[in-house]
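Enquirer: So the protein sequences, as listed, match chains A, B, C and D. For the first sequence, counting from 1, position 25 maps to 25 in our numbering; every step adds exactly one. For the second sequence, counting from 1, position 153 maps to 153 in our numbering; every step adds exactly one. For the third sequence, counting from 1, position 239 maps to 239 in our numbering; every step adds exactly one. For the fourth sequence, counting from 1, position 208 maps to 208 in our numbering; every step adds exactly one.
Please note: incorrect hints may appear among the correct ones.
[To be verified] When the alpha-carbon atoms are kept at most 16 Å apart in a straight line, the in silico EDC-like pairs for lysine to aspartate or glutamate are as follows: (1) D:Lys-182 <-> B:Glu-49; (2) A:Lys-157 <-> A:Glu-49; (3) B:Lys-44 <-> B:Asp-15; (4) D:Lys-300 <-> D:Glu-22; (5) B:Lys-44 <-> B:Glu-16; (6) D:Lys-254 <-> D:Asp-267; (7) C:Lys-182 <-> A:Glu-49; (8) C:Lys-254 <-> C:Asp-283; (9) D:Lys-149 <-> B:Asp-15; (10) C:Lys-254 <-> C:Glu-275; (11) C:Lys-254 <-> C:Asp-224; (12) B:Lys-157 <-> B:Glu-49; (13) C:Lys-149 <-> A:Asp-22; (14) D:Lys-149 <-> B:Glu-49; (15) B:Lys-250 <-> B:Glu-277; (16) B:Lys-314 <-> B:Glu-277; (17) C:Lys-294 <-> C:Glu-278; (18) C:Lys-149 <-> A:Glu-49.
[Stated by the list, open to error] Okay, the calculated bits of chain B under chain C, using three or more residues with CB under 8 Å as the criterion: (19) 116 to 130; (20) 170 to 176.
Calculated from the structure, these hints are not laboratory results. Beta carbons: idealized from backbone N, C-alpha and C, even for Gly.
Okay, here's what each chain looks like letter by letter:
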Amino acid sequence: MAAVTVLEAVRQTLDEALASDDRVFIIGEDVEAGGVFRVTDGLKAKYPERLIDSPLAESSIIGISIGAAHYGMRPVAEIQFADFIHSGFDQLCSEASRWSYRTNGDAYLPMVVRTPWGGGVHGGQHHSQSIEAYYTHMPGLKVVAPAFPADYASLLKASIADLNPVLFLEHKRTYRLMRQELNGAPAETRLGHARVTRQGSDLTIIAYGLMLHESLAAAEELANEGIDCLVVDLLTLLPLDQETILESAKATGKVLIVHEDTLTGGLGGEISALIAEHAFEYLDAPIRRLAAPDIPAMPYHHAMESFFMPDRTKIAAAARELAAY
Amino acid sequence: MAAVTVLEAVRQTLDEALASDDRVFIIGEDVEAGGVFRVTDGLKAKYPERLIDSPLAESSIIGISIGAAHYGMRPVAEIQFADFIHSGFDQLCSEASRWSYRTNGDAYLPMVVRTPWGGGVHGGQHHSQSIEAYYTHMPGLKVVAPAFPADYASLLKASIADLNPVLFLEHKRTYRLMRQELNGAPAETRLGHARVTRQGSDLTIIAYGLMLHESLAAAEELANEGIDCLVVDLLTLLPLDQETILESAKATGKVLIVHEDTLTGGLGGEISALIAEHAFEYLDAPIRRLAAPDIPAMPYHHAMESFFMPDRTKIAAAARELAAY
Amino acid sequence: MTTAKTRRTRSRQTIEDYLLSEHELEEMYYFMLLARRLNERMLALNRQGRAPFVIAGAGQEAAQVGAAMALKRGTDYLAPYYRDLGMNLVLGMSAREAMLNLLGKRDDPSSHGRQMPSHWGNTERRIVTGSSVVATQLLHAAGIALAAKLQNDPLVVLTCCGEGSTSKGDFHEALNFAAIHKLPVIFYVQNNGYAISESTVKEMPVPNVADRARGYAMQSAMVDGMDCIAVYQTVRPAVDQARRGGGPYLIEAKCYRLWGHSSDDDDSRYRPKAELEEWIKKDPLTLFRGRVEKDGIFPKEDLDEIEHRVEEEVREAVQWALMQPDPGPEDALGFVYKEAE
Amino acid sequence: MTTAKTRRTRSRQTIEDYLLSEHELEEMYYFMLLARRLNERMLALNRQGRAPFVIAGAGQEAAQVGAAMALKRGTDYLAPYYRDLGMNLVLGMSAREAMLNLLGKRDDPSSHGRQMPSHWGNTERRIVTGSSVVATQLLHAAGIALAAKLQNDPLVVLTCCGEGSTSKGDFHEALNFAAIHKLPVIFYVQNNGYAISESTVKEMPVPNVADRARGYAMQSAMVDGMDCIAVYQTVRPAVDQARRGGGPYLIEAKCYRLWGHSSDDDDSRYRPKAELEEWIKKDPLTLFRGRVEKDGIFPKEDLDEIEHRVEEEVREAVQWALMQPDPGPEDALGFVYKEAE
Ligand SMILES: Cc1ncc(C[n+]2csc(CCOP(=O)(O)OP(=O)(O)O)c2C)c(N)n1
Ligand SMILES: Cc1ncc(C[n+]2csc(CCOP(=O)(O)OP(=O)(O)O)c2C)c(N)n1
Ligand SMILES: [Mg+2]
Ligand SMILES: [Mg+2]
């Protein structure tokens, strides 16, 4: 089996899911033609009934998927860009995330909403957003954001198998970033579990998505300077793997949380708070957060875009400071 | 001038705004008849053109207000319950919060969205919600959540005068909770400023809305036990008054953050993270958060409702533990 | 209908110009009456301080019972809205369960006290759980219909809302999708003239909700929602046609809310008394009783007997329900996520 | 139209069966041509790697210029969508500014490089800032119209979107509100046959966008969007009527997207070549030139002269814009909140 990109891993996983379970179908804008990122390329020809182009209406894409999942199907909805999920917020928050809870488990929704997120692609304000902070505040929903091809494949499979609504976040910049052998490569098969991607003793970096790759690159650079970083790949953002987060924080006593989303109200706050409350005695330094500045969304021009996005250089700088504390 | 309830303070402030500026108008569901909480009672008769019943469509209430504010009006929109603002999320997130930023200040939106929030009224899952965590992650928006009648009046006035979109949160349970003389009572007139409502040396409690009242009650109780609590009323939730938060944390070295919203991803995480990063050296204990459990929303039955909501007893218990740390 | 056996059983033969049998007509009256009496007791309990909140269907019983009876019970899905007590009864909810739901009791099958009353749901009966957010269910209904179409499962989905809710974006997105894909959904709008205090002129630019169907080239119908028999005769053919692949339908039942919006509402603030009185004359129960009595389908005594049976059933249900266990505080936890068995 | 003075000025007298003067006809051609040539250069710059993203209006120039010319410049508002370069030019945007916007330059008046190209906004010209999220602007337009009505300000708001965007809930909520309140808004839908890869049959159950007006009892019209004169003659009366208090209008301009959806799109994946070729024959520029030439409004030389003038203007604008300063990193900050002066 050849090494695949994230894009290919997602496509293969969708193909396998469609092949093995006729309750699985894909619905979204332009999915029949392959979608704007070509993720669903070729699937319409193989599964003509089960690739469904929706009208341009996100609330309906999610609401229709809710109904179909309630019936017993396994819808995999695609929101063309994470930035356009906002008009489906109500269907996700008021309906999907509460379905099982409000019926005491009598009804439930085995559905997945896939969407490309993140910046660094000249996408400007509405093709670059990080949306995880809004959805990790929705008990009943699960939120997944992998970084490596093998994890994309195994966690998408797990998401489709899960009986609960899962928001599956695909970072655009990871689509073609690297290749991995799907068998052989470490792959997390359970939702709710983070991974220590790199062992280290001086400080802990917690990240996900594209920032996980940037963090690993920074860790390499710092290793040459004798700073030894432990790097955690969160993988699932809701529910959070508190155990791995706390153990990794305790292991080094210094924590740097990195995300591409803006700082205030971002997921980093929750992670920091968990550590400040449950690993306080182990801390040797303030808990640092490296995130985008508090502006509405990523600007278009590349100069401002790179100013907005954290990267290996900014991560290394923050880590150095923290190590020196 | 007689002492007024929060409800009366809000109504008076709206009345004064309508009287003093003909660009001010009120739009929302049932506002002409006074609204479901009777906040706008009597205003239709005084300002027939400027109280506008909207169709039952929240995205339009916000989108229409955006257009009117762009033109130069001063819309004060009412969302009947905070729980129903979700279908307006897109208009607030993608449009209102970015208007000034994306035009470099060429265009801007002097508009207010008022909405009753919070539980403890047998409102169940959809008439009890805390929504602040979603909206405090929207740079460009301002979010206000007072507790006392005088602050409701002064901050609503400031919100209407502000050139930016303001989400003005009115906790249902505070509507008739108490009376206050509007002149004389301490009133914060600036957005973005918190207040130390009670001085104390043993530990700091940070809260807002109904929980601020519960925290003050707990502080009284604890005072009798010789535990001296400093209580901060955040008042504005975005932008946060970091200085007051950090100074109050440093002053006691022990912090308890209280909110009615669910724990994970709640605003408490952000506040804790600020302290863990910028007041670390001053901390004598883990930063505690007291919040609702991570379930989708407040259950209806009173037994489960009171289990869900933090209150003076739970706050006092958490504070005792923290003081003893 | 426990005591039914003790009485002479009604013929199941369809009666000319009713398109319903004696048996069905009795059911019709029984369910309408049961819904009304339950609502009356619920409001009484609220006034006694024993039920924090009541939202009722008084005045809409004909619109609800007539439409629900057009469905195949156990096969077709219902995505109801908060006034649809009558529909839930037709689809199998008992008076006892209705009271458990009102009181938010531990064993309330809809939500075990987690949601406000009248937020029904029951997978076995194919009643779709709903929130308080209006119009979202229209999309869920379309989604179920899409699934059924994909699986060649010959079922129909009936979903309900009030006329005010047709202003929501989700109404548009649901009708648009259902029409494009020719799905077996009946969008059933109970137009009771008001959205809380707002009369229809503030809600819609068109005189009838049914007019909204034109923007989707969707079939539509209007019916006197106070006349249960007319409702059945209108909805039934639409359901049958949808089952045969004829596509969606928008049906508007013109009715009236005889009570306030909810137990918290004072409708005298916004509703002319005269208007109310006009509609009270068209009360669906009086209307139905009058017709079947006049046509001599049932002798008066039989109708009285049904009344007594219902009174008894309601009385018993209330007594029983009040004694049932409440949820404990910790029952607030659990089922946030569904675990695989 | 800098060099215009150097040439014999066109009569401003309205020509029979054009309802436009020579002067206006020249403007019309000029703006259509300027939009097309600018888009062509933009795409060229994209292919040269000097502009990351282009989304163009090629094929929709007639629909845009004809409609914008029906507005009172400086008085009426435009809430455009991302293809509306032609409209922006009519309302005063210069070729230079168009290029600053494409390149995200510091001095781009629309967003100073903060938004992707073609997200226009300019309060002085009454062009309303928009996001990438489709259909949200329809509500902003209705809101401006409501404000104008409250202030007795006799202006009209024209707002645009594509036919695919009419599936959004906001489309419904905007038309519903505008119709209820009889607001001076023109909902102008440029139906170019596709929403990216999706043809109209996947987007709507009705053959025409204009049919959607029926659900709101709203006046509507359809027009050949490739014929700029016909567009003007359709939109102008609707604008005048709205200004006089006649209420909103839904106008559908039938046109075609001659290029891919954007510089990132390969339309050969989903569009039959033959279809494209059919439409290329109806290119609005050829159509217009053919008519005015045939009718002898302008001699060929004059039209050629306009072409040269436009070529020159575009060439100069590109050269100039490329030299303009880029935003600095820190320019990402600021104006998150508007401060009172
Ligand atoms: C999205 C949303 N907004 C507001 C409300 C509050 N609310 C509850 S019922 C109602 C009126 C509904 O009117 P209609 O659809 O005509 O149904 P009716 O109650 O008249 O049967 C409103 C505004 C809600 N439940 N959901
Ligand atoms: C809410 C939303 N969803 C998805 C997109 C991505 N998108 C951009 S343009 C487009 C198609 C729009 O089609 P149409 O409305 O017909 O306008 P056209 O591009 O054809 O002129 C889509 C799906 C978006 N911009 N906004
Ligand atoms: Mg109604
Ligand atoms: Mg189109």
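Enquirer: Hints numbered earlier in the text: which of these fail when held up against the supplied structure?
Expert: Violated hints: 2, 6, 9, 12, 16, 17, 20; rest satisfied.
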